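Peer 1: Sequences listed follow chains A and B, in order. Here the working numbering is used: the first residue of the first sequence is 1, the next is one more, and so on. Here the working numbering is used: the first residue of the second sequence is 1, the next is one more, and so on.
Simulated from the structure, these hints should not be mistaken for lab results. What you are looking at is a predicted structure, and each value in this text was computed from that prediction instead of being measured. Worth double-checking, as some hints may not be accurate.
Calculated lysine-lysine pairs in the BS3-like style (CA-CA distance at most 30 Å, straight line) [said to hold, decoys possible]: (1) Lys-143/B - Lys-259/B; (2) Lys-117/B - Lys-90/B; (3) Lys-143/A - Lys-250/B; (4) Lys-121/A - Lys-143/B.
So the chains spell out like this:
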Amino acid sequence: MSKLIITAAIRGAHAIVDRVEGKVNAAIQEYGADKEVNLPNTAYYLPVIYGITGYKVEKLGDMPGVIEKCRQLLPELPAENAWLPYLGPGLDAGMATAFAFELEESLLYLDPDKCPYLPSKEDPEDTDPDIWLGAADDIILRKRGVEFVDGSAPGFAAVVGAAKDVETAIKIAKELQEKSIYVFMASSNPNGVSFAEQLHEGGVQVGWNTRLVPFGKPTSAAIHALGFATRAALTFGGKTPGDFKEVLKYSKDRVFAFVLALDEVDDEKYAAAAGCINWGYPTIADTDIPEILPTGICTYEHVVSNIPQEEIVSKAIEVRGLKITIAKIDIPMSYGPAFEGERIKKDAMFVELGGPKSVGFEFAYSKPLDQVEDGKFTVVGPNIKDIEAGALLPIGIWIELAGRKLQEDFEPILERQCHHLLNGAEGVLHIGQRDIVWMRVSKKAVEAGFTLEHFGTILHAKLHNEFGAIVDKVQVTIFTDEEKVKEHLEVARKTWVERDNRLSDMNDETTETYYSCSLCQSFAPTHVCVVTPERPGLCGAYNWLDCRASHEINEHGPNQPIAKGDVVDERLGKWKGVDEFVAPASGNAFESFSAYSILVDPMTSCGCFEAIAACLFAANGVMVVDRDYAGETPCGMAFSTLAGSVGGGLQTPGFVGISKFYIGSKKFISAEGGIKRLCWMPKALKEQLKDMITARGEEEGVPNLYDMIATEENGTDEETVMAFLMEVGHPCLEMQQLMEMM
Amino acid sequence: MAFSALTEKYSGKMGTLTFGSGDQAITVGGQAAMPFCTFDGEIPNKPIVAMEVYDVVDPEWPAAVVDPFKDVINDPIAWAKKNIDEYGAKAICLQLASTDPNGENKSADYAAELVSKMIEAISVPLVVWGSGNVEKDAEVLSKICEVNEGKNLLIGPAVEENYKKIAAACLGYGHNVVSQSPIDVNMAKQMNILISNLGLPMDKIIMEPSTGALGYGVEYSYSVMERISLAALAQNDEKMQCPITNDLGKECWKAREVKLTEEEEPAFGPDLEKRGVLWEAITGFDMLLAGSNLLIMRNPKAVKLVEECIDELLA
Ligand code: SF4
């Protein structure tokens with residue numbers, strides 16, 4: 001229980017403040033109250049105290065005032081039987097600890113001859129007596145801080161204590177380095193062994209340039225990590241000293257840091273950990289200390305314990321919600337959009353995977369965080385080295401994903417990425433999706449050293465980089481063993497069926513949030529698509545799930561959530577929230593949209609509609625024509641002419657741009673009677689949509705609707721079409737006059 | 001009844017950006033009306049022309065942009081001084097063409113040092129423009145920021161793929177950034193949001209919506225800029241209220257029309273220089289009409305024509 005920790009932290013904080021008070025008094029005795037104090041080369045005084053309280057410590061005489069503040073913050077030790085429902089007192093104790101530590105550290109600089117640190121140095125050199133660097137000056141802060149802002153350093157790890165041996169220390173440091181995370185080191189374990197010294201012993205170069213920064217051996221030196229974070233908030237965030245809420249919030253949101261507590265955690269370290277929680281930095285410990293799991297201050301958990309040192313880095317990244325980006329994809333070939341269109345001819349090909357002569361599939365699904373091992377790639381079955389040039393193998397690309405914000409609904413969207421992600425590699429060709437995957441790898445790629453694991457390397461790097469907002473872990477298994485491929489394909493097929501049903505099970509009525517898409521505003525400035533579960537974007541490329549995922553991935557992007565609000569008109573499909581959104585989003589060109597009507601405030605049409613629906617007033621029906629049909633239509637215009645007059649972000653009653661899929665929706669122009677109005681479409685389109693039309697016809701009580709829809713074979717002018725409709729008895733003839741519905 | 005002209009009142013106003021330091025600093029933007037419509041609202045700062053200098057010149061350049069600088073063309077600093085002293089340049093734009101990895105591939109350190117020397121040598125604000133290579137620009141421009149801390153330069157272009165590095169360096173070392181987007185209103189806005197999310201205030205960002213020369217997409221740039229201006233003014237869209245710049249010199253002077261001789265294209269007539277100057281001046285003026293606050297131009301005569309127009313219309 002967290003009470004244990006908080007009690008220990010408070011106990012530790014009391015001890016620290018008492019100790020530091022003694023040191024401050026002694027220093028005043030020795031040097032006098034007017035003796036200047038400062039950390040090397042900084043305009044931020046003692047940065048933690050200055051950033052949080054706005055109080056400037058310039059001389060020793062200013063210190064008792066800080067001790068006074070610490071005393072005010074220090075809570076009583078909780079009584080044995082008291083229940084502590086919240087972190088409050090622990091946080092205050094942590095803050096008092098931070099202030100006291102900072103005073104303690106600054107005292108070390110009073111006498112330059114006795115200072116244990118190498119002030120304003122980036123790296124310790126062999127000639128230096130010791131490795132400890134102490135506080136970073138402002139120049140280092142600026143240079144390194146920029147990396148935190150631009151994302152080239154995703155965060156820092158404050159490592160306290162020591163690893164179980166030198167090898168483990170090196171391993172942990174390497175792992176953090178590989179992820180470009182800064183390692184700030186302070187304090188030692190109870191035997192006086194410190195992590196930084198372990199690295200030094202192991203021959204690892206420490207210093208700012210290797211991102212392994214040894215601050216100091218006492219636990220108090222850990223304060224320089226918070227000093228760094230606080231100054232970042234003041235320098236880069238433009239926060240005002242003393243505005244502690246803003247400073248702490250910046251640290252939490254922008255400076256991704258966490259504490260790795262290795263080996264025993266004593267009261268002082270608890271107090272320090274409590275201090276870090278104020279900044280939003282959780283502590284991950286390898287020992288079995290009590291945990292503080294519920295989230296509140298930190299993004300996720302506060303204290304997580306008992307994590308083996310081998311796993312502690314990946315656990316820490318998960319707990320802090322750190323996003324990893326991979327600067328270079330580690331494959332022996334080039335990678336980039338230039339290679340996406342690359343073809344690989346038979347004689348240049350080393351191996352063919354899947355395709356018409358074999359089985360090929362790819363499948364991505366989500367699992368709990370602890371069941372996915374990030375960056376693990378396995379090949380089950382023959383690999384490149386086991387085959388001859390020109391071979392054919394079955395393939396199953398099995399992608400296991402985990403992420404705090406990953407939802408089942410995003411799986412198909414991520415799975416669909418395989419195509420362009422894998423195609424980006426030089427010498428790799430990828431066609432198809434799901435169970436019609438067909439790939440080729442070139443001889444050149446194999447000569448360069450390609451093996452099948454590299455598919456994993458590519459997917460891992462790109463999914464992290466492009467979908468880091470929702471993906472935290474990626475594990476990839478490549479099956480080339482025929483039995484295994486088939487076995488897993490069965491599992492995938494079941495999931496695909498479920499996925500297909502998922503969106504079709506959703507409806508507009510029970511969904512509160514719709515999404516906008518304004519991607520097409522670049523050429524149709526007033527156009528905006530309102531995408532609902534039952535009405536996809538008119539280009540056919542964005543359904544509701546796509547828009548939602550795209551919004552999660554890029555919250556400032558073109559897909560914004562629309563709280564639909566109260567129903568204004570159920571038949572037309574008008575909602576208060578939608579109208580309120582549409583007005584500003586269309587540059588005030590439109591006040592209202594109907595989702596289900598072609599006659600009253602229909603949605604705007606940009607230019608990329610898959611098809612156009614148009615009213616045929618004499619026939620009292622609606623025709624649909626798609627992009628692929630070049631001939632004449634009964635409304636008197638071919639597709640291209642129609643597109644010219646309907647598109648461009650206009651609302652044109654009687655005409656609307658639509659996606660083909662929308663024709664099968666229950667909400668397809670439902671305000672005017674829905675699919676029963678559909679009386680003409682090009683033959684090819686009609687055949688393509690046969691199942692959809694028949695199914696919907698049956699639902700509407702017109703089982704032979706399919707046969708009643710005219711095509712160009714029955715006529716391309718309204719009169720001939722009318723004659724056909726009368727002959728077959730098309731239901732639209734009996735419906736309410738369209739003219740009356742305007 | 002007396003005649004009273006109808007005026008258009010806008011709820012929003014363009015933000016300003018100041019670059020350069022001390023009394024040489026220049027402020028652009030801040031207008032509360034569409035270009036030159038002083039009767040509708042205040043236009044506190046005249047649009048500015050920054051004159052280009054290159055650290056390496058493409059041998060394909062037409063004579064009209066070589067002759068005016070013949071004596072200084074291999075020395076960007078002397079060139080800049082000539083632009084200021086002889087041609088009255090109000091600002092200089094240093095184009096770091098030599099850093100292009102597909103060209104001379106000069107280093108970031110070289111570029112940073114050149115910029116430092118340039119700052120020392122000239123008395124007007126400086127714009128620093130990368131080669132356009134996304135990765136190299138990130139490296140070169142951030143180095144320039146670091147080495148020239150606090151000089152309040154205007155640095156770009158930052159694009160979607162490299163804005164983090166460049167904008168973060170501008171933030172860390174006290175400079176302004178050019179946020180470039182590919183002729184797309186949404187992207188222009190998104191770039192402003194992304195950059196300001198890094199912590200750079202909006203008054204340190206200027207937009208470059210991608211400039212097309214006359215005959216090469218000037219109308220696309222025009223309509224995007226007009227829409228940005230309207231969004232900023234009429235809709236008071238805060239994320240669109242950064243001033244606008246256009247990097248047009250290099251677009252104009254590679255156009256076919258400024259290079260073809262009379263023999264090759266008799267209809268174009270003999271006066272190559274006049275043709276080129278007008279090509280650049282008209283492109284520049286179009287950009288002003290669309291809402292530009294800062295033009296980056298090459299030929300002194302074209303600059304003069306455009307500045308005369310500005311002065312006349314805002315007299
Ligand atoms: S047509 Fe497609 S891409 Fe364009 S705005 Fe609509 S949904 Fe977005």
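Peer 1: All the hints need checking, so say for each whether the structure fits it.
Peer 2: Each hint, compared with the structure:
{"no.": "1", "hint": "Lys-143/B - Lys-259/B", "verdict": "36 Å, violated"}
{"no.": "2", "hint": "Lys-117/B - Lys-90/B", "verdict": "18 Å, holds"}
{"no.": "3", "hint": "Lys-143/A - Lys-250/B", "verdict": "33 Å, violated"}
{"no.": "4", "hint": "Lys-121/A - Lys-143/B", "verdict": "20 Å, holds"}
Going through the hint list in order, the structure does not satisfy hints 1 and 3.
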